[in-house]
Amino acid sequence: MSFINYSSREINCKIVYYGPGLCGKTTNLQYIYANTNQQAKGKMISLATETERTLFFDFLPLSLGEIRGFKTRFHLYTVPGQVFYDASRKLILKGVDGVVFVADSQMERMEANDESMMNLRSNLQEQGYDLDKIPFVIQYNKRDLPNAAPMEELQAMLNPRNIPYFEAVAPKGEGVYETLKAIARLILTELRKGT
Amino acid sequence: MQPQMVMYDEEFQQISLVCERLAKEANAKVVFLVDKNGQLIASIGATENIDTTSLASLTAGNIAATGGLAKLIGEKEFSILFHEGERDNLHISIVGGRVILVVIFDTRSSLGLVRLRVKKASDELNKIFDGLMKKVQVPGAGSPFAEITDDDIDNLFSE
Ligand SMILES: Nc1nc2c(ncn2[C@@H]2O[C@H](COP(=O)(O)OP(=O)(O)OP(=O)(O)O)[C@@H](O)[C@H]2O)c(=O)[nH]1
Ligand SMILES: [Mg+2]
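So the protein sequences, as listed, match chains F and C. Numbering (my numbering) for the first sequence: 1 to 195. Numbering (my numbering) for the second sequence: 1 to 159.
For reference, chain F alone in the conformation it holds in the complex (with noise of 0.2 angstroms):
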């Protein structure tokens, strides 16, 4: 749930990285981290195993610039995509203004991104949220891989409802600020609804 702070004349959003394990999410902070400016980004902060898998969660503060003289920030955290993890993915769901699913594009993903999907929508349930009515995005990563499965296929399985959607390639950042942007414009627009 974003913050206002007519105090400080900030406004605070949550953006959740959401996917299966291995997908890219971590990836797509990483690359945003390496590429923003350094007045515009805070430390990354990355809850990891030794092997590098997300065992809590990544942490990334943005600030974006001024709308109606409120600084606009925005909290990117990534969710393990590890099955096993998901009292943690359910965790870091909690106030979340907005979601980027990150599917895996490769054919023999489909089922684990299929699984994540219906994971997404019964964790955000449990809290109260849908997820046909939350900002919420999908990026096709791994498009540079060989055995990256058609969009069309993709699309029939993860997008019934015709979402905005990104192909991504994110180590190279291919579709990452894209996304952003997207989610990004989407909570902003939500909040105009004043709810």
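Simulated from the structure, these hints should not be mistaken for lab results. The structure presented is a predicted model; accordingly, all values stated were derived computationally and were not measured. Hints are not guaranteed to be accurate.
[To be verified] The calculated lysine to aspartate or glutamate pairs, modelled on EDC-like cross-linking and capped at a C-alpha distance of 20 angstroms, are: (1) F:LYS90 to F:ASP132; (2) C:LYS135 to C:ASP51; (3) C:LYS36 to C:ASP130; (4) F:LYS71 to C:ASP9; (5) C:LYS71 to F:ASP86; (6) C:LYS29 to C:ASP51; (7) F:LYS90 to F:GLU126; (8) F:LYS133 to F:GLU190; (9) F:LYS193 to C:ASP152; (10) F:LYS90 to C:GLU77; (11) F:LYS41 to C:GLU48; (12) F:LYS41 to C:ASP51; (13) F:LYS71 to C:ASP51; (14) F:LYS193 to C:GLU11; (15) F:LYS94 to C:ASP35; (16) C:LYS36 to C:GLU11; (17) F:LYS181 to C:ASP151; (18) F:LYS181 to F:GLU66; (19) C:LYS135 to F:GLU10; (20) F:LYS193 to C:GLU25.
Using the hints, position chain C with the ligands against chain F.
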């Protein structure tokens, strides 16, 4: 779903006063107030060498994780966490079920003293937040963003 979190100047001043007094009376080095989603509300004391944004996010993560643990063993939540360091200690407590109060202190203070003062400050903070919540629920306390245009949003990304 959680209610919209809002902070106004008036309440911010009151909160800062309570935190300042707590820091003084508890002989603490630093006092932080963080919301449960990891956003910093106020910070008092020697904060120059502390990354306050990171601290806020990790504190909230810590509280969320221990809250999850509490539920697993049938507790509602653990309302106080204490971490003892070689030099500095961390006292973390939940105020009114909604915000997190963090006190950093060293040997110039003691756990007993911090506990006592935190209790008093929590009651005061609770009252302030109660008032704040009522204010937010008043219709017409609408978002300052109700008037933003597509251009405003576009401008944000053009820089
Ligand atoms: N070829 C290719 N590799 C990628 C791409 N995106 C990420 N990777 C690699 O995939 C691996 C896993 O990426 P992470 O970002 O750690 O995955 P994650 O989604 O954070 O995984 P968990 O933390 O376990 O949930 C890393 O070795 C990345 O370099 C991509 O677009 N193309
Ligand atoms: Mg990760």
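Hint-by-hint comparison with the structure:
1. F:LYS90 to F:ASP132: holds (18 angstroms)
2. C:LYS135 to C:ASP51: Judged against 20 angstroms, a Cα distance of about 31 angstroms means the pair is violated.
3. C:LYS36 to C:ASP130: holds (16 angstroms)
4. F:LYS71 to C:ASP9: With Cα atoms ~16 angstroms apart, LYS71 (chain F) and ASP9 (chain C) stay inside 20 angstroms; holds.
5. C:LYS71 to F:ASP86: Between LYS71 (chain C) and ASP86 (chain F) the Cα gap is close to 15 angstroms, so the pair holds against 20 angstroms.
6. C:LYS29 to C:ASP51: Distance of about 15 angstroms is within 20 angstroms: holds.
7. F:LYS90 to F:GLU126: holds (9 angstroms)
8. F:LYS133 to F:GLU190: Measuring from Cα to Cα gives roughly 10 angstroms; hence the hint holds.
9. F:LYS193 to C:ASP152: holds (15 angstroms)
10. F:LYS90 to C:GLU77: holds (16 angstroms)
11. F:LYS41 to C:GLU48: holds (17 angstroms)
12. F:LYS41 to C:ASP51: OK: LYS41 (chain F) and ASP51 (chain C) at ~12 angstroms, within 20 angstroms.
13. F:LYS71 to C:ASP51: The given pair, whose Cα atoms are some 19 angstroms apart, holds under the 20 angstroms limit.
14. F:LYS193 to C:GLU11: violated (25 angstroms)
15. F:LYS94 to C:ASP35: holds (12 angstroms)
16. C:LYS36 to C:GLU11: holds (18 angstroms)
17. F:LYS181 to C:ASP151: This hinted pair holds, its Cα atoms lying about 14 angstroms apart.
18. F:LYS181 to F:GLU66: Satisfied, since the Cα-Cα distance of roughly 15 angstroms is no more than 20 angstroms.
19. C:LYS135 to F:GLU10: holds (18 angstroms)
20. F:LYS193 to C:GLU25: violated (44 angstroms)
Of the numbered hints stated above, those contradicted by the structure are hints 2, 14 and 20, listed in ascending order.
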